[in-house]
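Numbers given in my numbering equal positions in the sequence shown, counted from 1, plus 66.
Keep in mind that the hints were calculated from the coordinates and are not lab data.
One or more of the hints may lead you astray.
To be verified - Ranges of calculated distance between the beta carbons of each label pair, as one might list FRET restraints: (1) S259 to F183: 42 to 52 angstroms; (2) Y379 to D256: 58 to 68 angstroms; (3) W418 to T149: 24 to 34 angstroms; (4) T149 to A242: 12 to 22 angstroms; (5) A242 to V390: 42 to 52 angstroms; (6) T248 to A329: 23 to 33 angstroms; (7) M201 to Y289: 16 to 26 angstroms.
If you're wondering where the values come from, they're calculated on a predicted model, not measured in any experiment.
Cβ atoms here follow ideal geometry from the backbone N, Cα and C, with glycine treated the same way.
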Amino acid sequence: MKKLIVVAVAALFATSAIAGDMKWGGSSAWRYTDGKYDDGLNNNDANSKSHSVQKHRQHAVRANFGATGGWKNVEWGVGLRTTGSANSDYVAFANGSTDTALGFDQAWMRYVTGTSFGDFGFTFGRQMNVFAYDMTTQNFFDNDTRFDGFGFSWNWGSFGFNMAEYFFQGYNRGTAGTASYTYTDSTQADNSSSSYFSKMHGFQPHFSWKFSDEIDTKFAFGYYMVDGDTNFTNSTAGATATINGFVTPSGTVAFQNGTVTMANPRWMQLYNSWKLPYKLGFSWEYVSNGRKPKFGTSAVEMNGKAYAAALTYGSIKKAQDWKVGFTYGKKDVGSVISNFSGGRWLPNNKGWVFNADYGLADNFNIGFKTYRLKNVDNINSTTGQALSTAQSVKTTINELVTSVSF
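Just need the whole structure built from these sequences, with the hints factored in.
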């Protein structure tokens with residue numbers, strides 16, 4: 067009996083010790099959007115009122131809440147956020163009454179260990195992206211993107227290496243579904259009825275160099291392969307397609323009408339960021355898809371390159387701090403997958419973004435951001451031929467955001 071009591075007390079203290087390492091955190095935000103979508107055709111109705119320019123306004127919210135913790139050689143995290151898709155954006159309520167769903171933002175565990183050959187980390191579950199990417203421009207990956215699978219990281223001084231195998235969905239006898247499938251030896255022998263997981267493999271060496279307390283830089287080179295999935299598509303807008311919340315009004319001529327199928331892309335990524343004196347920061351990223359996707363049913367191959375560069379000044383750590391930034395970039399329609407890239411800046415757009423943020427109080431910020439985007443390729447989905455430059459779509463988005471974190 068005494069041994070049982072001792073074990074129970076020891077377990078209680080052990081549980082308390084583990085719980086003591088647990089940290090809770092989260093954030094909530096509200097966003098107001100005012101934008102304009104111009105198809106460039108200058109079409110008017112019978113009363114000379116334009117239906118080529120669609121204006122858009124929206125109130126939206128988002129929130130996340132979670133906990134992290136760990137003990138010797140073990141780290142873990144779990145969290146919820148509004149919606150919970152791979153690239154969750156703000157959520158707009160319908161009719162002032164419709165509620166929004168919550169999804170798992172994170173559900174991961176990590177084994178970490180230090181050796182004479184560096185520090186190693188093995189992460190399992192739904193996790194933040196293990197790869198280094200431009201978090202300012204979100205050119206390749208969106209900061210909201212979470213992947214399910216396995217991530218590996220190794221750091222040894224200035225050098226490091228990231229690797230991952232992320233799962234998208236299961237193809238059960240050729241039909242896409244959840245992350246599971248069943249099979250027999252007979253069905254697996256036939257490619258048309260085989261079952262498998264679609265997934266992405268990635269490899270990324272990186273190097274960091276600190277020149278002084280005010281100047282440091284990071285370089286990364288990544289190579290990524292998506293296998294077994296042809297369901298990812300990039301919309302090129304059209305009569306009924308939606309882009310950035312704007313729907314081309316019915317009755318107009320679609321400047322583009324179709325999708326580009328991102329079938330098993332192969333990406334090469336170059337990324338570089340700089341911390342500079344006087345609170346300046348600079349980053350750039352270049353991504354190239356080695357597999358040229360086709361437009362619709364045509365034989366026309368689409369361009370597959372994306373690049374972006376950003377300059378920032380300032381940082382927000384406390385009340386009355388402020389920060390401004392400017393980004394310029396271009397995403398070809400066949401470059402990155404819109405599901406995982408920056409939500410507002412979709413593929414097949416080029417242009418710039420300006421943002422300004424101010425700390426109203428500790429952990430309470432207000433910010434303004436404006437997008438000025440123009441489509442890159444104007445393609446007819448039937449012929450695959452370029453349309454006139456006058457049909458180029460221009461998108462203007464202005465955002466006012468307030469957010470609090472804890």
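Right, here's what the structure says about each hint:
1. S259 to F183: 42 to 52 angstroms: For S259 and F183 the Cβ distance comes to about 46 angstroms; the hint holds.
2. Y379 to D256: 58 to 68 angstroms: Distance hint for Y379, D256 holds at roughly 59 angstroms.
3. W418 to T149: 24 to 34 angstroms: 28 angstroms Cβ-Cβ, so the 24 to 34 angstroms window holds.
4. T149 to A242: 12 to 22 angstroms: Cβ of T149 to Cβ of A242: about 20 angstroms, so the range 12 to 22 angstroms holds.
5. A242 to V390: 42 to 52 angstroms: holds (43 angstroms)
6. T248 to A329: 23 to 33 angstroms: Taking Cβ atoms as reference, T248 and A329 lie about 25 angstroms apart, which means the hint holds.
7. M201 to Y289: 16 to 26 angstroms: This hint holds: roughly 20 angstroms between Cβ atoms.
Every hint from the earlier list agrees with this structure, and none is contradicted.
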